[in-house]
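J.: This is what each chain is made of:
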Amino acid sequence: MNDQVKVDEDRAERVEKLQGMGCKRKRVEDVRFTQGKGNYVDDLKLPGMVFGDFVRSPHAHARIKSIDTSRAQALPGVVAVLTAADLKPLDLHYMPTLAGDVQAVLAEEKVLFQNQEVAFVIAEDRYIASDATELVDVEYEALPAIVDPFKSMDDDAPILREDIKDKMEGAHGPRKHPNHIFEWEIGDKEETDKIFAEADVTIKEMLVDHRTHPSPLETCQSVASFDKITGDLTLWGTFQAPHVIRTVVSLISKIPEHKIHVIAPDIGGGFGNKVGAYAGYVCSVVGSIVLGTPVKWVEDRMENLSTTSFARDYHMSTELAATNEGKITAMRVHVIADHGAFDACADPSKWPAGFMNICTGSYDIPTAHLSVDGVYTNKASGGVAYRCSFRVTEAVFAIERAVELLAQKLDMDAAELRLKNFVKAEQFPYKSALGWEYDSGDYHTAMNKAMEAIGYDDLRKEQAKKREAFKKGKTREIMGIGISFFTEIVGAGPSKNCDILGVAMFDSAEIRIHPTGSVIARMGTKSQGQGHETTYAQIIATEIGIPADDITIEEGNTDTAPYGLGTYGSRSTPVAGAATAVAARKIRAKAQMIAAHTMEVHEGDLEWDVDRFRVKGLPEKAMTMQEIAWTAYNSPPPNMEPGLEAVNYYEPPNMTYPFGSYYCVMDIDVDTGVAKTRRFYALDDCGTRINPMIIEGQVHGGLTEAFACAMGQEIRYDEMGNVMGASFMDFFLPTAVETPHWETDFTVTPSPHHPIGAKGVGESPHVGGVPCFSNAVNDAYSFLGAGHIQMPHDAWRLWQVGERLGLHN
Amino acid sequence: MDMNDSQYIEASREAVYAALNDVDVLRKCIPGCESIEMTSDTEMDAKVTLKVGPVKARFSGKIALSDLDPPNGYTISGEGSGGMAGFAKGGANVRLEADGSGTMLYYTVKADIGGKIAQLGSRLIDSTAKKLAGKFFSEFSKNVGSS
Chain Y
1 MNDQVKVDED
11 RAERVEKLQG
21 MGCKRKRVED
31 VRFTQGKGNY
41 VDDLKLPGMV
51 FGDFVRSPHA
61 HARIKSIDTS
71 RAQALPGVVA
81 VLTAADLKPL
91 DLHYMPTLAG
101 DVQAVLAEEK
111 VLFQNQEVAF
121 VIAEDRYIAS
131 DATELVDVEY
141 EALPAIVDPF
151 KSMDDDAPIL
161 REDIKDKMEG
171 AHGPRKHPNH
181 IFEWEIGDKE
191 ETDKIFAEAD
201 VTIKEMLVDH
211 RTHPSPLETC
221 QSVASFDKIT
231 GDLTLWGTFQ
241 APHVIRTVVS
251 LISKIPEHKI
261 HVIAPDIGGG
271 FGNKVGAYAG
281 YVCSVVGSIV
291 LGTPVKWVED
301 RMENLSTTSF
311 ARDYHMSTEL
321 AATNEGKITA
331 MRVHVIADHG
341 AFDACADPSK
351 WPAGFMNICT
361 GSYDIPTAHL
371 SVDGVYTNKA
381 SGGVAYRCSF
391 RVTEAVFAIE
401 RAVELLAQKL
411 DMDAAELRLK
421 NFVKAEQFPY
431 KSALGWEYDS
441 GDYHTAMNKA
451 MEAIGYDDLR
461 KEQAKKREAF
471 KKGKTREIMG
481 IGISFFTEIV
491 GAGPSKNCDI
501 LGVAMFDSAE
511 IRIHPTGSVI
521 ARMGTKSQGQ
531 GHETTYAQII
541 ATEIGIPADD
551 ITIEEGNTDT
561 APYGLGTYGS
571 RSTPVAGAAT
581 AVAARKIRAK
591 AQMIAAHTME
601 VHEGDLEWDV
611 DRFRVKGLPE
621 KAMTMQEIAW
631 TAYNSPPPNM
641 EPGLEAVNYY
651 EPPNMTYPFG
661 SYYCVMDIDV
671 DTGVAKTRRF
681 YALDDCGTRI
691 NPMIIEGQVH
701 GGLTEAFACA
711 MGQEIRYDEM
721 GNVMGASFMD
731 FFLPTAVETP
741 HWETDFTVTP
751 SPHHPIGAKG
761 VGESPHVGGV
771 PCFSNAVNDA
781 YSFLGAGHIQ
791 MPHDAWRLWQ
801 VGERLGLHN
Chain S
810 MDMNDSQYIE
820 ASREAVYAAL
830 NDVDVLRKCI
840 PGCESIEMTS
850 DTEMDAKVTL
860 KVGPVKARFS
870 GKIALSDLDP
880 PNGYTISGEG
890 SGGMAGFAKG
900 GANVRLEADG
910 SGTMLYYTVK
920 ADIGGKIAQL
930 GSRLIDSTAK
940 KLAGKFFSEF
950 SKNVGSS
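In order, the protein sequences belong to chains Y and S.
Residue 655 in my numbering is what sits at position 655 of the first sequence, and the numbering runs on without skipping anything.
Residue 829 in my numbering is what sits at position 20 of the second sequence, and the numbering runs on without skipping anything.
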């Protein structure tokens, strides 16, 4: 017995030393970040480097009559001024977007949104470049602007994209109007219409997930350095997907891909904003090719918020049909998707509306139909997944608001209605009406745990009392209980349905064990703050028994890292994390052969024990991974090649489907419209948990961004197309002062098809958080007959709700 | 941007109307006016430096007078561009009514503002416009009074 205790203790000690999966390992990257030693694009200083800055359009829609750069070129320190006329002979005045459209790099005949790039001034320093932009004289003829996406396809709407006005076949099928981008539909329309026509109860509401912006603290930027002697181009930039950028640069510049070296150094947040290709990247590259010196481009805050990819702007007409008993029988959704002036959505190519068809949510809805019309407007282009997998935040917002509206109509408790309609644990894998196969889930367990933790029944009782008190005039405060139960779809994705411009959405890991048993591993993904250097090392540590502290993780250099599709849509753990585990297992398999040969036993006689192979029945006879590494290089078995390394390109068999149950308790002063979040409880199920501390940090961050979007953050345009949310004076970015306290919890339902059962978590809190806040606000006002209240729910708008309801008399 | 207001001026309608057509008076009274030149009987070129919140810009533009109805009023309209800072386009209807020994000047302004001024200064535009109008009329009253 004592011996067994000793063995167990020794084992536990070795497990602890590994700092592998499941432990709260401190983030290794924070050592440099917290000391100001991060290395960002703007930290880069190269000899002879010059700086670019854009001349931008003050108009939302205008014809360019003339551009005169002579005054700017005469300013001492200015080295070049590029316009569309300079780019056109190189065929670079337009660039391809990830959505199959083209986007003007520098405007040629027309500008289509305010702050659009018109000329690129390059100067010896940033200040001269900025001054010189004011010396470029551009003469415009203003044209009427389309700001309201519902007016884009009017008969008398001005044609925005004259460059493609005769091209009535777009990247995603026929276009119905010159300002139409695509129509996309899925599901059984006929059957859905039939069920709606015969339904006991239906609800219909226009749910708007308004335009906002990922607003990473570090803006988009790049440094291009073209070597005229060798023909090599090195491009440093804020790239969430550096390998894709290399391929795109090669395709548009015609420089062979092996001559292009893309490097994404430390990135200060991405949230989807740094997936796309931007005019600044192209202009820095062209500038460097023309001048032969490195050219740096750094966005300022207004440029970031008003020009590089926005998010959302989905106008979703959402309907549910149900029985009188509350069983949902069908869902029907039509979306007007405002993509701005160019279709620069960053979705997998076959999915122009992203994974919007996850909109049946966590419910067993037998029949559904979804259609989406994408339209052009005079606004900045984009439509990226802001801290979510492609359009999943929009989808979850639609279903979670709709379920609340249905509960209200049925006069049924909103939690009870959800429990009644959830997909049951025994139904997984579950095929949804709109085509996805949910890999795993246990919704009832998660929901019940959350309801108990928040004290749901007591909260409803308290709310009933407060409502009575409000009606009697004893209080001016109303209480809302927000619920959301979300199912995400992340980890894009299987090549049969996911590619970007034809590049399949696999990801990769390459692991190399050094002779002394330490490790370098490289992935095709790119951390923007997610903590990859910490978590990938934990996966490897557990898989091959080498302490995480002895493992270096490297990403972002396309010369050294294996090709991968990058980090967005919570795909790093589901795809590159899987590649890491599979590559590590290849190494362990080779290690087992080496150990068997060295200890002169059959491979089958060995068992893996934390960090070593042990001969079964002879516990003292073992070889540690360190010993095996040395042997692998210096005395491998005959006929075996020396060395110990492995590569895996992982093609996921399915997406993963993380889920969660969130609750928000909110108190709102009807006279001021000020909403206070009393409690926010978030239960996440992301499958196997690699690092609980990093998960908690991700949940905190995602909830904070959800709070921002739901409660105030917006990129608004006035009727002339002036962008009204382009500085932090107007754009709500919560600080520690506004941010509520977060309570986190979890259940674990591992993914059955992922090598370690992990599902991804970075975006869940955002996806689930936005509807939870909005539901809390809507629930608070529901007893006053408010109807659906659109986001964002800032104090000004909530005060207006009070005005509308006559609460201020 | 919309603005409706009125201003009492201690001078006859004829004197006020004449002053409203006098580029020298306008040059002195328009806040930030660097130059203003008649290019025809009813048209002027002007250069004005304006500051709205954090944005300062030099506008150059054209001004036109129309609906001339001496001494009852006119319509003044114009458009100007401040380059990167933005642009403005709009006009004012001016109506003069005798009021005792002086004149009541009623004005209705409608203007569209675009570019950086609109983006950054949107919340400041109305108050800035009121302030500029106030400056104009205090100066204008002084000049018309002395003429």
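No lab work stands behind these hints, which were simulated from the structure alone.
One thing to keep in mind: the hints can contain errors.
Claimed, not checked - Computed cross-link-like contacts, DSS-like style, restricted to lysine-lysine with a CA-CA straight-line distance of at most 27 Å:
#, chain 1, residue 1, chain 2, residue 2
1, S, K944, Y, K65
2, Y, K65, S, K865
3, S, K837, S, K944
4, Y, K65, S, K837
5, S, K898, Y, K151
6, S, K871, Y, K65
Unchecked claim - Some but not every residue of chain Y turned toward chain S, in silico, with C-beta under 10 Å:
#, residue
7, I64
8, I67
9, S635
10, N639
Glycine included, C-beta positions come from ideal geometry on N, C-alpha and C.
J.: What hint numbers does the structure not satisfy?
T.: 1, 4, 7, 8, 9 and 10
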